[in-house]
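Trainee: First to last, the protein sequences are chains A and B. Per the working numbering, residue 67 is the first one in the first sequence, and the count goes up by one each step. Per the working numbering, residue 67 is the first one in the second sequence, and the count goes up by one each step.
Hints may contain errors.
[As the list claims (entries may be wrong)] Negatives, chain B to chain A, calculated, CB over 12 Å:
{"no.": "1", "residue": "Asp198"}
{"no.": "2", "residue": "Lys263"}
{"no.": "3", "residue": "Glu325"}
{"no.": "4", "residue": "Val337"}
{"no.": "5", "residue": "Ser340"}
{"no.": "6", "residue": "Arg344"}
{"no.": "7", "residue": "Pro365"}
{"no.": "8", "residue": "Glu370"}
{"no.": "9", "residue": "Arg390"}
{"no.": "10", "residue": "Leu407"}
{"no.": "11", "residue": "Ala411"}
{"no.": "12", "residue": "Val416"}
{"no.": "13", "residue": "Lys422"}
{"no.": "14", "residue": "Gly425"}
[Unchecked claim] Label pairs and their computed distance ranges (CB to CB):
{"no.": "15", "chain 1": "A", "residue 1": "Gly177", "chain 2": "B", "residue 2": "Ser166", "range": "28 to 34 Å"}
{"no.": "16", "chain 1": "B", "residue 1": "Ser166", "chain 2": "A", "residue 2": "Glu85", "range": "35 to 41 Å"}
{"no.": "17", "chain 1": "A", "residue 1": "Thr200", "chain 2": "B", "residue 2": "Gly89", "range": "51 to 57 Å"}
Just so you know, these hints were derived from the structure itself, not from any lab. Glycine included, every Cβ here is placed at the ideal spot set by N, Cα and C.
There are 2 protein chains.
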Amino acid sequence: MSRYFSEKYGGLVPYVPGEQPRGRSFVKLNTNESPFPPSPYAQRFAREAAGDLRLYSDPECRRLRETAAEYFGLAPDCFVFTNGSDEILYFAFSAYCDSSHPAVFADITYGFYKVFAGVCGVPARIIPLKDDFTLDPEDYFGAGGTVFIANPNAPTGIALTPGDIERIVAANRDSIVVIDEAYVDFGAGSAVGLVNKYPNLLVTQTFSKSRSLAGGRLGMGIACPELISDIETLRYSTNPYNVGSMTQAAGIGALLDREYFEECRNKIISVRGSTEKRLRELGFDCTDSSANFIFAEHPRVSGETFYRELRERGILVRHFDAPRISNRNRITVGSAEEMELFLAAAGEIVKAAERKDDGGPGD
Amino acid sequence: MSRYFSEKYGGLVPYVPGEQPRGRSFVKLNTNESPFPPSPYAQRFAREAAGDLRLYSDPECRRLRETAAEYFGLAPDCFVFTNGSDEILYFAFSAYCDSSHPAVFADITYGFYKVFAGVCGVPARIIPLKDDFTLDPEDYFGAGGTVFIANPNAPTGIALTPGDIERIVAANRDSIVVIDEAYVDFGAGSAVGLVNKYPNLLVTQTFSKSRSLAGGRLGMGIACPELISDIETLRYSTNPYNVGSMTQAAGIGALLDREYFEECRNKIISVRGSTEKRLRELGFDCTDSSANFIFAEHPRVSGETFYRELRERGILVRHFDAPRISNRNRITVGSAEEMELFLAAAGEIVKAAERKDDGGPGD
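With the rest of the complex left out, here is chain A:
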């Protein structure tokens, strides 16, 4: 940190993204990317746009908004597009939190919420999840601040029902409720249908997971036009050309190809189920995931050891060295082939630990 850096960032601890390995080739199950390429339409549209980069991208994302409007059955002015969904979340923290409007979120959730609160200099009110990692909706009634809920939650994968989401939104009429639906397509019910009913609801989604566009960087906010207009004020005050032409094109292609989207999503849900079943057979405890990852622990292998042993075998998963969850790992649901490799390694690691516990030769 230089001596010029503003004192207001004195205690700021940045987010640490999952490792992007280089050199050695890993089975990469650590950042919740899709095992499938984006829709051929997304690729083709992006390639075409790559031949036409001389002009600025459309700051209004008109075609993309119209495509999304058609897709979700809402008006185009219910959408704002951003450089990944981290950017719409940052805008939400900026727009709706300040010293008298704290950010309210769970102790175990997307780790970036705490960082956003820090960089925006706003207080955070942390509400612990229950012992089983479920969220009690009533804990958020009259939350007294801007609520951020990931649904399904990360890294637990546990989802609230749309009914519970609605109860929370309805019980916070004087505050914004942000529902972060980065993983919603893998089995949870979306709150998008509620945005015209509740003027205090902002839903965020990403194209990085279920639409396989992590490298394309596209996120979106969905809300009533009045909230979208707040976000647009911030977007036009920081970076109006925030979504490039290739990204807009890829997003349009991804939305138009609903069939491919559903095919990929269904495969991931199916592989998640079969992987969880086999992990449980190996003695793992898995949360009830509605996301494209599994959050698992084993009574005989620490989270740290499991992470390290997998890594030695060329498999990357995500381990969070944080209270309550350090014994678990978050394992992205990859292709069926990748999960076979993962399960074989997991089986080896568990058996070695059991041999060691039973007095056999350990490590």
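With chain A fixed as given, assemble chain B onto it according to the hints.
Mentor: Showing chain B alone in chain A's frame:
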């Protein structure tokens, strides 16, 4: 604005980007885009990256940083890449301005500086340019805040010499000086060579103008590693994957093709010269532009009229309805063919005004 929008943005006036016309086809000389496509390498690399979007982009932009390091003859940790150069400017306002470190900039300069100060909630100290739109370096000695200078300046196109830039940087050891070099490649001297000498110097550049990648969204900051580390702290606290894979690839291709870059840049400089000459023959006053635009006024045609009359003839330029410059227009240097169309229209408009002034039939 919704009733939830934080009061801290009460007076915020967003930036208004230049018009992106739809429907009718215009000769587009209003947002300083290049008339030439990006390097074939940039296009090819971007197309290739479009086939590989499943994984997150490299948050460290390693290959891009190494390519830039090679290009500029600096270490890779002297660079940070952003989603266009507006993002690096926003980071600079965030990192180095606060209530006790105002932003210091000219009355006539890139209009976004005032917006960034507004969105960051920091005071601005505005220093008027001289009557001829030149900047007196001594006005910035001991500026008492974070200095933002566009060099060449926009919309005037007038450049400071590298010697004057160095005097300003040296005279503000306790403050950051940001030199915004969006247009530097069209005839001004860059301050990049000074970053290792001055720990208070941050240079920003964009790939939107001289590298024809406006639609790709790539900007960069160049400074000593300690300042880059400040910016990285903010980047990792807001949007670590801010530069997508296609954009990184396009940027690498653009930097590798130095020959194409110089060819395009030289053509633009040449067309700027011939256009200015003919504008002067028509009676226009043009500032001494080192950028890819011309800033011109005519004694007999108001800036507003000239803008409107050009628009009716299918030619878009940029008119700023602001004090001291409302009688001028900023005209992007397009292709030789585009400038012929522009000059023909300009000639018509001037002749009509002169006929009218001379008592002939006017509009």
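Trainee: Do the Cβ positions of glycine 177/A and serine 166/B conform to the proposed distance bound of 28 to 34 Å?
Mentor: 31 Å, holds
Trainee: Classify the label on proline 365/B as holds or violated, using whether its beta-carbon is more than 12 Å from each beta-carbon of chain A.
Mentor: 33 Å, holds
Trainee: With d taken as the least Cβ-Cβ distance between arginine 344/B and chain A, does d exceed 12 Å?
Mentor: Given that every Cβ of chain A is farther than 12 Å from that of arginine 344/B, nearest at about 25 Å, it holds.
Trainee: Just want to verify: lysine 263/B was marked as not at the interface with chain A; is every Cβ pair farther apart than 12 Å?
Mentor: 15 Å, holds
Trainee: Run the C-beta distances from lysine 422/B to all of chain A and say if the shortest one exceeds 12 Å.
Mentor: Holds, because the least Cβ-Cβ distance between lysine 422/B and chain A comes to about 36 Å, which exceeds 12 Å.
Trainee: Against chain A, does glutamate 370/B hold up as non-interface, every C-beta pair farther apart than 12 Å?
Mentor: 24 Å, holds
Trainee: Compute the least Cβ-Cβ separation between alanine 411/B and chain A, then decide whether it is above 12 Å.
Mentor: Fine: 21 Å to the nearest Cβ keeps alanine 411/B off the interface.
Trainee: Closest CB-CB distance from valine 416/B to chain A, is it above 12 Å?
Mentor: For valine 416/B, whose nearest Cβ neighbour in chain A is about 29 Å away, the distance exceeds 12 Å, so it holds.
Trainee: According to the definition I'm using, a residue is off the interface if its beta carbon is farther than 12 Å from all beta carbons of the partner; does serine 340/B meet that for chain A?
Mentor: 21 Å, holds
Trainee: Please settle this one: glutamate 325/B was flagged as non-interface, so is its CB more than 12 Å from every CB on chain A?
Mentor: 18 Å, holds
Trainee: At 12 Å, judged by beta carbons, does aspartate 198/B keep clear of chain A as stated?
Mentor: 31 Å, holds
Trainee: May I ask you to test the hint 51 to 57 Å on the CB atoms belonging to threonine 200/A and glycine 89/B?
Mentor: Between threonine 200/A and glycine 89/B, where Cβ atoms are some 53 Å apart, the hint holds.
Hint compliance for this structure: every hint is met.
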